[in-house]
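Heads up: the protein sequence lines correspond to chains X and G, in order. Residues in the first sequence are numbered consecutively from 1, following the UniProt record's numbering. Residues in the second sequence are numbered consecutively from 1, following the UniProt record's numbering.
Any given hint could be a false lead.
Non-contacting residues of chain G with respect to chain X, defined by C-beta distances greater than 10 Å in every case (computed) [as the list claims (entries may be wrong)]: (1) A158; (2) T165; (3) P327; (4) S354; (5) E390.
In silico EDC-like pairs for lysine to aspartate or glutamate, Cα to Cα no more than 20 Å straight-line [stated by the list, open to error]: (6) G:K335 <-> G:D387; (7) X:K281 <-> G:D387; (8) G:K281 <-> X:D110; (9) G:K64 <-> G:E6; (10) X:K281 <-> G:D110; (11) G:K281 <-> X:E109; (12) G:K281 <-> G:D110.
Each pair of labels, with its calculated beta carbon distance range [said to hold, decoys possible]: (13) X:E352 <-> G:Q364: 26 to 36 Å; (14) X:A116 <-> G:Q364: 44 to 54 Å; (15) G:G394 <-> X:D5: 48 to 58 Å; (16) G:H223 <-> X:R9: 48 to 58 Å; (17) G:F272 <-> X:R120: 29 to 39 Å; (18) X:E352 <-> G:K335: 18 to 28 Å; (19) X:E390 <-> G:F272: 22 to 32 Å; (20) X:P237 <-> G:E62: 49 to 59 Å; (21) X:L125 <-> G:F272: 38 to 48 Å; (22) G:G394 <-> X:E328: 16 to 26 Å; (23) X:E352 <-> G:L12: 45 to 55 Å.
FYI, nobody ran anything at the bench for these hints, they're computed from the structure. The beta carbon of each residue, even a glycine, is placed where N, CA and C say it ideally should be.
The chain contents come next:
Protein chains: 2
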Amino acid sequence: MISVDEATRQVLATARPIPTETVPLLDAVGRVLHEPLSADRDFPPFNRVAMDGIALNFNSIESKQVAFPIAATQLAGMLPQALADPQAAVEIMTGAVLPPGTDTVVRYEDLEFHEASGQRVATVLVPPPAAGHNVHHQATDRQQGDLLLPAGVRLGPAEIAVAATIGAAVLRVGRPLRVAVVSTGDELVALTQTPLPHQIRRSNAYMVQAALREAGAESEAFHFNDDQAALRQGLPPLLAAFDALVLSGGVSKGQADFLPAMLRELGVTQIFHEVRQRPGKPFWFGEKAGGAVVFALPGNPVSTFVNFYQYVLPWLRTCQQPHALWPEVTALLAKNISFLPPMTYFLPVRLEASAYGHLLAHPQTIGGSGDLASLLQCDGFLRLPADQSEFKAGDAFPVVRFRG
Amino acid sequence: MISVDEATRQVLATARPIPTETVPLLDAVGRVLHEPLSADRDFPPFNRVAMDGIALNFNSIESKQVAFPIAATQLAGMLPQALADPQAAVEIMTGAVLPPGTDTVVRYEDLEFHEASGQRVATVLVPPPAAGHNVHHQATDRQQGDLLLPAGVRLGPAEIAVAATIGAAVLRVGRPLRVAVVSTGDELVALTQTPLPHQIRRSNAYMVQAALREAGAESEAFHFNDDQAALRQGLPPLLAAFDALVLSGGVSKGQADFLPAMLRELGVTQIFHEVRQRPGKPFWFGEKAGGAVVFALPGNPVSTFVNFYQYVLPWLRTCQQPHALWPEVTALLAKNISFLPPMTYFLPVRLEASAYGHLLAHPQTIGGSGDLASLLQCDGFLRLPADQSEFKAGDAFPVVRFRG
């Protein structure tokens, strides 16, 4: 049986490049960019006034001039008004082009205005310390041609705004991953059906589809009863059409757990079966050459959850951003825990942000790995390593979050 | 001028209940539930077999019996097979109903099987410690009628799965907030236009729309030149139709900054103007009775960003979940910082998860508050309080995140 680290490594090794598509700028939020974007102009594109006030020539400040007649007014978006008389000033607004003949801006807060023979005059109360004050000079942030966004970045609001600045109305991005969510089991009935006393409604498939939606992947759900003929016919089209299959149930030791054999028969190469972890041990993972990867997760809800966030989500991310680093988030265990078996233990925890910059992990009691409702009080799992059995309050361990 | 705390308090005080709508289960991911959901049956609904193996009567274990002929086999989803002979056993799979006449399950790992005169017989290698072993008893997790999900919770994958379990095919949720994003300024041209030398493309509106989309709100963008007549005509329908308006630009001291006066004229009550913070000081906030709240944010991109995440996002969240607590996340400052003015300083930072359960905040140099591209290297802002001027490496401060 392999370790969680080795299983994770083998899962991520199957991540594949995904096709791209071109979408309108705002539809690219949360997607991954597949083309580099460079500055089409300098940033700022001109000597940009950074404060509302007056633009003047610093020479006159150096020669102790304090009163400046206003020769013109220039708002942002107006053509620049050249200053002909170096003893005068242009009243000017943030975002405007610095007028030719001026080099410095004095803000309103450092000025007083009065009228003298019909002429508006500004008196400088606090002289600017140097030429260029309150001017954001052309190209100081970025130069034309500079790379702004490399291919491979995730597009959040800042990236979308930068793309807008250079006029990128559409962007080439990775298309969402397509995942088939396959439930099996005669005991499972549809959401809208009233279960007989020995039946339950399907819920794992909804959990997986909800988690896929949060991860930006597209999914479709398929249900099969424990019927080998139906699976033998139904699975091949899914293996051909989807990037991944997530199966839940049918992979432990029971008589109806024929999925691993069936998958091998359908040309899915087994990469591993069973991982040294609790819960979620009977995880089967494989790949069809030229087709989907197959995550066959154990059927109990908590196991499905652990394995989705430990394996499926990182695989989706790695397909989208193969070169990104995903630094591990750690949290401090809030009380002592013992776990004797030599396996990685995924401890259900509620997370709390402390006032001292920590994340605290409070262990939660959940009633066996089948108690879905008890996950409602949890935010994730603390991943406690297999080579320890005593875990001390205050020690930091990696956290696998499913909330927040 | 009011403090950031007071401004935040006044903004959140205007949060209003929003109408509800009914959506299919999977469309409810990320939304807020507006009806309580209770268990329609016990959880589990029957004495549920928790391991693959055999079900037997613990009395026979107590009387030292070790070999059990298999009287029947029962998979999950099958009607329970009552055990007539208390010396025999039922071979049984996880998820099945515990057969009448049995009370205990022994898992395959603790058994050996052989055939004796055409009869399959299980030998118990490791006897179960007590009656009820490996049985998940009816109603141990939840009882019929128990509240599972109260109104007001955010629906993540665990909540969606619980809703599926009780057959909730549709859910009543809060509808998304509707926000009009209004840009003003003659210097701004459309994305698809080639700007003249003294013009720039609109980008703030895209940043705000992208951030709203990430927050689950719906938005529409509107642009006005610095033209009072157009605004006087254009704003009233927006104030009536949207939950909020986010304006960017037009609220500082410049001659073209007539928005505050215009908004008051249109019946928007000013709640405050200017906050003791940098950047983002000239923030104007108001509310129209029976209409939208108005966030008029200063126009430079970094100020817009700070104020969106400090004020607009918490307002959206509070409208959706008025009773939720939003514990503040803190991060440790990675190096000493001085900031003398008596204002709250939003320090741009890159965040790093340490191996010791901390979040570390690395200050980033950004070229004045107009340098949008420099936000690409940041994950958020550390909110440094107004009543301090020296901030020491290792101290924890609240972090306003816009990434991760």
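Worksheet entry | Given as non-interface: S354 (chain G), partner chain X, CB spacing beyond 10 Å | violated (7 Å)
Worksheet item: Taken at face value, is the distance from the CA of E6 (chain G) to the CA of K64 (chain G) at most 20 Å?
Response: Distance ~74 Å between K64 (chain G) and E6 (chain G) Cα, so the pair is violated.
Discussion item. Taking 48 to 58 Å as the stated bounds, is the beta-carbon spacing between G394 (chain G) and D5 (chain X) within them?
Written reply: Distance hint for G394 (chain G), D5 (chain X) is violated at roughly 32 Å.
Worksheet item: Is the distance from the Cβ of A116 (chain X) to the Cβ of Q364 (chain G) consistent with 44 to 54 Å?
Response: Hint holds: Cβ distance 47 Å, inside 44 to 54 Å.
Worksheet item: How does the Cβ-Cβ distance of E352 (chain X) and K335 (chain G) compare with 18 to 28 Å: does it lie in that range?
Response: holds (27 Å)
Item to complete: Taking the shortest Cβ-to-Cβ distance between E390 (chain G) and chain X, state whether it exceeds 10 Å.
Response: With a cut-off of 10 Å, E390 (chain G) remains clear of chain X, as the shortest Cβ separation is near 18 Å.
Worksheet item: Has the hinted range 38 to 48 Å been met by the Cβ atoms of L125 (chain X) and F272 (chain G)?
Response: With a Cβ separation near 27 Å, L125 (chain X) and F272 (chain G) fall outside 38 to 48 Å, so the hint is violated.
Discussion item. What's the verdict on K335 (chain G) and D387 (chain G), does the C-alpha distance respect the 20 Å limit or exceed it?
Written reply: holds (19 Å)
Worksheet item: Are all C-beta atoms of chain X more than 10 Å from that of A158 (chain G)?
Response: About 4 Å separates A158 (chain G) from the closest Cβ of chain X, which leaves it inside 10 Å; violated.
Worksheet item: Between K281 (chain X) and D110 (chain G), does the CA-CA distance stay at or below 20 Å?
Response: Holds - the C-alpha atoms of D110 (chain G) and K281 (chain X) are around 17 Å apart, at most 20 Å.
Discussion item. Given a hint of 16 to 26 Å, does the C-beta separation of G394 (chain G) and E328 (chain X) actually sit inside it?
Written reply: Between G394 (chain G) and E328 (chain X), where Cβ atoms are some 22 Å apart, the hint holds.
Worksheet item: Going straight from one Cα to the other, do K281 (chain G) and D110 (chain X) come out at no more than 20 Å?
Response: holds (17 Å)
Violated hints, in rising order: 1, 2, 3, 4, 7, 9, 12, 15, 19, 21 and 23; the structure is consistent with all others.
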